[in-house]
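Protein chains in written order, with the working numbering: chain F, 1 to 207; chain W, 1001 to 1206.
Any given hint could turn out to be false.
As the list claims (entries may be wrong) - Listed below are several chain W residues computed to face chain F (Cβ distance under 8 Å; list not exhaustive):
no.: 1; residue: Q1128
no.: 2; residue: L1151
no.: 3; residue: Y1152
no.: 4; residue: G1178
no.: 5; residue: S1193
Keep in mind that the hints were calculated from the coordinates and are not lab data. Model, not experiment: these values are computed from the prediction. Ideal Cβ positions, reconstructed from N, Cα and C, are used throughout, including at glycine.
Now for the letters of each chain:
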Amino acid sequence: MTNPAPSLSIAALRIRFGDAILRDRLSCGDSIVWVAAGRAHDILAWLRDDPGQGFDYLTDITAVEYRDGELPLEVVYQLRSLKRRADLRLKVELDQSAPLAVDSVCDLWTGANWLEREVFDMFGITFRNHPDLRRILMWETYAEGHPLRKSFPLRGHFSRSEQTRQALAANPEAHYSLEELSIAEAYRELPVEMRERLGRGQRGEVA
Amino acid sequence: MGLTLPDAEREQAEVSGVSPNWVTARLSDLVNWSRTRSLWPMPFGTACCAIEFMATAAGRYDISRFGMERQGFTPRQADVLICAGRLPFKLAPVIRRVWDQMPQPKWSISMGACASSGGIFDNYAMVQGIDTIIPVDVYVPGCPPRPEGLLYAIFLLQKKIQGESLTDQSLRVERTLGPDGLFRSPAVIDEISEPFGNSVHQTRSS
């Protein structure tokens, strides 16, 4: 079902953040709001924490580069409020003449970790204060650049034989180790009660 | 009819040098026959071809009928590597290691358009044919091939094995990566990876 009217969050954002809200648009029932790159983290934090907004779920982070090289790159945040059943799309424009960088939102949504790594891997956009900003889809020694940029040739920069040579030289276990998945670390970060329960082999109950 | 031949017939058989209790055959025929009927597959499924492989292995088509009863999912106890699906460059060292871990005698089947040639994925991430990484015995066309296609490939492989010579040691030579870290020469890989079909209108600069 498409919403006929823009999200009420946009009006609230304009009141709260004023000039940092650049423009907004309703597209196919989805509300899109463009915000200033420097304020994006504050705005996202407010959208998450304000009781009237409650965007507690980060659906996706991605980026867009337009064919027109003059246009800036966009980092796209798709937010969802599970409680209010409302969506909001937030976009940050990054000028191509400056270094492509934006503040990480890993501190707001832990799930942003891999999403931001993917955007970094594919577009070369740096996320400041990201705890572990490494490539995630391409292997770590991948040397051809960031594949989803418009300047990247479809078949890559190197010849097929050079690509094959570099791929075969990579160590596959560097990607799929327990260390990479951080399973052990994730276990330590669980609440004490849950660790104790898992230690007994007891499973969680559906509330 | 009893188990023993009547005296008259036995005498006749002894005279002609044929015994009903003995069969003679060439050793390689016998060994090859047993090899063709106990090909243990190592499925390397990466995409939709793997779904067709599962259908081939399941009850309706049942590759067990042709001696592929045991799918070990361990390369150390397998005879045939079946690469079912596209192979990204990131998996190239993985399939190479799986192949190196398989003991001789071993064969491989490249299942589907992507494994055989890169298929529609003529892009930066995809190996343009697994024969640039490991040797391939049978290629199966299709996107994905139907189970009949894979079964036909297995029959072709059995036919090939039946024709192998036990004394020909060159068949069992491990073909490892060369000193340049490649399985084939760079010129061959570049030639194999040339664009074709729908991708001919794409150029490296586009």
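Each hint, compared with the structure:
Proximity of W:Q1128 to chain F holds as hinted, the smallest CB-CB distance being about 6 Å (cut-off 8 Å). Because the closest C-beta pair between W:L1151 and chain F is about 31 Å apart, greater than 8 Å, the hint is violated. At about 29 Å, the closest approach between the beta carbon of W:Y1152 and any beta carbon in chain F exceeds 8 Å, and the interface hint on this residue is violated. Because the smallest distance between the Cβ of W:G1178 and any Cβ of chain F comes to about 10 Å, over 8 Å, the interface hint for this residue is violated.
About 4 Å separates the beta-carbon of W:S1193 from the nearest beta-carbon of chain F, less than 8 Å, and the hint is met.
Hints 2, 3, 4 from the earlier list are contradicted by this structure; the remaining hints agree with it.
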